[in-house]
Amino acid sequence: EPEVTQTPSHQVTQMGQEVILRCVPISNHLYFYWYRQILGQKVEFLVSFYNNEISEKSEIFDDQFSVERPDGSNFTLKIRSTKLEDSAMYFCASSEALGLRSGDTQYFGPGTRLTVL
Amino acid sequence: GQNIDQPTEMTATEGAIVQINCTYQTSGFNGLFWYQQHAGEAPTFLSYNVLDGLEEKGRFSSFLSRSKGYSYLLLKELQMKDSASYLCEAAGNKLTFGGGTRVLVKP
Chain E
32 EPEVTQTPSH QVTQMGQEVI LRCVPISNHL YFYWYRQILG QKVEFLVSFY NNEISEKSEI
92 FDDQFSVERP DGSNFTLKIR STKLEDSAMY FCASSEALGL RSGDTQYFGP GTRLTVL
Chain B
399 GQNIDQPTEM TATEGAIVQI NCTYQTSGFN GLFWYQQHAG EAPTFLSYNV LDGLEEKGRF
459 SSFLSRSKGY SYLLLKELQM KDSASYLCEA AGNKLTFGGG TRVLVKP
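So the protein sequences, as listed, match chains E and B. Going by this note's numbering, the first residue of the first sequence is number 32, and it counts up by one from there. Going by this note's numbering, the first residue of the second sequence is number 399, and it counts up by one from there.
To be clear, the hints were calculated from the coordinates, so they are not data collected in a lab. Check before you lean on any hint, since a few could be wrong.
Subject to a maximum C-alpha distance of 27 Å in a straight line, what follows is the list of computed BS3-like cross-link-like pairs (lysine-lysine) [what the hints assert, rightly or not]:
id : chain 1 : residue 1 : chain 2 : residue 2
1  : E       : 109       : B       : 474
2  : E       : 73        : B       : 479
3  : E       : 88        : B       : 504
4  : E       : 88        : B       : 474
5  : E       : 73        : B       : 474
6  : B       : 492       : E       : 114
Since the model is a prediction, treat every value here as computed from it, not as a measurement.
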């Protein structure tokens, strides 16, 4: 069964450093998403991406965040200058063709645990 | 603004039924999702409701009342593996998750 994959599974970085989290969405999916979940807290939407551009973003997704689809398979989240409060699990997800607001099923990757020291 | 409320925790017995409620206040509404999340794992999709009424999928059912801003997830014939957090997500003008309801199934 196709699945969303994410690398690395764990990332430890120093405050102020840049990190890139990588995701490979399911191959025929057109919508891609990033979420984060701080330990013990709720899942928070960051951004959705469709047709090579951001379709929606939350207030969390400020100028220190960016997303890119550098090739036909990868979808990346870059955090330019990490802060302690960026420590969280970051989930990538993808959906097929209609997008969340039309009831598309999202498939989540296993997550990358980011620890900022 | 957007607000999603769910109970924090529920306990039920194996074989029983549990109902997890979710109330929401959103600007705009494009549907409500339920996910299951086991500890340390990613959420997995359970259901989507956009029209009023009950959607049944095997042991799991989800209900929506748009006029009341209310949904519930019904888990029947509980199994030990159903012990997990259940997340409600409202697709309004913003995509917002509730805090999740941790369900503990006891033998």
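Going through the hints against the structure:
1. 109/E x 474/B: It is violated: about 42 Å lies between the C-alpha atoms, which goes past 27 Å.
2. 73/E x 479/B: holds, 21 Å
3. 88/E x 504/B: violated, 40 Å
4. 88/E x 474/B: violated, 36 Å
5. 73/E x 474/B: Answer holds: residue 73/E to residue 474/B is near 25 Å, not above 27 Å.
6. 492/B x 114/E: Cα-Cα ~25 Å, so holds.
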